[in-house]
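*Asks:* Listed below, chain by chain, are the residues.
There are 2 protein chains.
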Amino acid sequence: MILIDGKKVSEEIKKEIALEVAEIKANGGKTPHLAAILVGNDGGSETYVAHKVKDCGEVGFKSSLFRFENSVTEKELLEKVIEINADSDVDGLIVQLPLPKHISEQKIIEAIDPRKDVDGFHPLNVGRMTIGLPSFVSATPAGIIDLLRRYNIQTSGKHCVVLGRSNIVGKPMSILLSQKSEMGDATVTICHSRTKNLKEITSQADILIAAIGTPNFVTSDMVKNGAVVIDVGTTRVKSEQTKSGFKLTGDVKFDEVAPKCSYITPVPGGVGPMTRISLLKNTLLSSKKIF
Amino acid sequence: MILIDGKKVSEEIKKEIALEVAEIKANGGKTPHLAAILVGNDGGSETYVAHKVKDCGEVGFKSSLFRFENSVTEKELLEKVIEINADSDVDGLIVQLPLPKHISEQKIIEAIDPRKDVDGFHPLNVGRMTIGLPSFVSATPAGIIDLLRRYNIQTSGKHCVVLGRSNIVGKPMSILLSQKSEMGDATVTICHSRTKNLKEITSQADILIAAIGTPNFVTSDMVKNGAVVIDVGTTRVKSEQTKSGFKLTGDVKFDEVAPKCSYITPVPGGVGPMTRISLLKNTLLSSKKIF
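Residue numbers (the numbering used here), protein chains in the order written: chain C, 18 to 308; chain D, 18 to 308.
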């Protein structure tokens, strides 16, 4: 059993991005520039955005952070998005979610210029990805594809079972893995809360991707010997063993599943670190104008 | 075994649309209006567009046909699309494909206002469908969903196997059937040319959708007893039994598969007639401004 080290891979990719950015700058090219909008003072959102800004600094990107009070109106936020859309120096724009309830997240997302939508949430990017056109793919599926690629895990002709059909993980994952491409060409089954004979289906998986958000849901009897298991779950579960009183817990019962696997991602340290990389990769891509 | 009669269902739906349009008009509402662009003199394209215009007349829609020579430039065509986009009387705009090689089909499709894109080919519509937002779904998958609905074939919790991953059938079909919705909630497996253990997978299907374009590909040993089989294939195969010398042939070896099925669509007369209905439904929807 090989433990997939997302932390190590993400650091490798970060270094590669930093090298490429240094080269671009040395050749007189444009410094990639990520703009982030943060509304309110939610602790989680603050931390996420701080990480993103820090990541930018570390790879040599420029970043801009625009902060608003919780009381900001939808109109004010839309105006800011439109202003940043028009700023030719900005390559990528993200709006940290969730937003206050009086603001339509969908409206804000759709206001972002799809060519700067490095979170890949705009329906135009989702559509372009689905059709197989150049697009910005959202962080988690892009990160998983990168992990598989770095560990030379072939997907072509394999049976991939995706547990979960969320817009940001399950659906794009099933689309990417099934489509004609270097890291696709898999037979893909998408399962969810309405799936009846779940164990029978997951047991067929050469590659099992668990993205349902239910801690320890996948048990050893659901996994085939030699399977690759990718655990997207990150639920905070109460724990007496940590200082914070919480422990990040995956969708996979790691201790009993791991011995059956050829490869498996741990939680934390598997898929999680890769999601931060995807944003950097998309911003770099955007600075090269992929569409 | 019940034969799914696409011709009958399509005529029923057509009548319902005609009734609704008559009612809209009686109440002083706007007459739905479909505009079609046809380039060149390809026989198939001529026939398809003529059918679409005829269908419009039969349900009480207004239609406009804009014809161009094969020599039309991409720029001229784009200008026409932009002009029709701006015409507030037009609810739906389709450009009959294929286009001459000197014109980028993708560019033309993306120029169509997504709110008038009743063929559902614009990436924004594909993305909206994928995320589960109101959208125009392309003709074949929408027609299949309608057939299943009219025959009260439940999809929730069923295992649907989709053979083929084309942008206009396989992919949207797998997305629609797996998503949270009245005619979704199925466990979906998408198979294609790279799938290895195909028979093993198709044999699990409660609902099998064949959309690969290979005549008679699906044989009885690939189908479970009691399965619902939807045949999207329409390949012209040489035949001595028809006047034209050709016979429309499905992806399913009908004679040997049909006895095993609970429901099956014939070719012709199954999915085919439904695709013409979807365009009318989308144009009617568009006149009501779904997004």
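No lab work stands behind these hints: they were computed from the structure.
Bear in mind that the values here come from a model prediction, so they are computed numbers and not experimental data.
Every residue, glycine too, gets a C-beta built ideally from N, C-alpha and C.
Any given hint could be a false lead.
Below, in silico cross-link-like pairs of lysine-lysine (DSSO-like), each with a Cα-Cα straight-line distance of 27 Å or less [as the list claims (entries may be wrong)]:
#: 1; chain 1: D; residue 1: Lys-79; chain 2: C; residue 2: Lys-213
#: 2; chain 1: D; residue 1: Lys-197; chain 2: C; residue 2: Lys-306
#: 3; chain 1: C; residue 1: Lys-124; chain 2: D; residue 2: Lys-118
#: 4; chain 1: D; residue 1: Lys-305; chain 2: D; residue 2: Lys-79
#: 5; chain 1: C; residue 1: Lys-197; chain 2: D; residue 2: Lys-305
#: 6; chain 1: C; residue 1: Lys-241; chain 2: D; residue 2: Lys-216
#: 7; chain 1: D; residue 1: Lys-306; chain 2: C; residue 2: Lys-216
#: 8; chain 1: C; residue 1: Lys-175; chain 2: D; residue 2: Lys-305
#: 9; chain 1: D; residue 1: Lys-306; chain 2: C; residue 2: Lys-118
#: 10; chain 1: C; residue 1: Lys-213; chain 2: D; residue 2: Lys-241
#: 11; chain 1: D; residue 1: Lys-79; chain 2: C; residue 2: Lys-241
#: 12; chain 1: C; residue 1: Lys-92; chain 2: D; residue 2: Lys-213
#: 13; chain 1: D; residue 1: Lys-306; chain 2: C; residue 2: Lys-213
#: 14; chain 1: C; residue 1: Lys-197; chain 2: D; residue 2: Lys-306
#: 15; chain 1: D; residue 1: Lys-79; chain 2: C; residue 2: Lys-197
#: 16; chain 1: C; residue 1: Lys-213; chain 2: D; residue 2: Lys-305
Rough simulated footprint, nothing fancy, chain C against chain D, three-plus residues with beta-carbon under 8 Å [unchecked claim]:
#: 17; region: 36-44
#: 18; region: 87-96
#: 19; region: 193-201
#: 20; region: 240-254
*Asks:* Find the hints from earlier in the document that the structure breaks and name them by number, from lowest to highest.
*Replies:* 1, 2, 3, 5, 7, 8, 11, 12, 13, 14, 15, 16, 17, 18, 20
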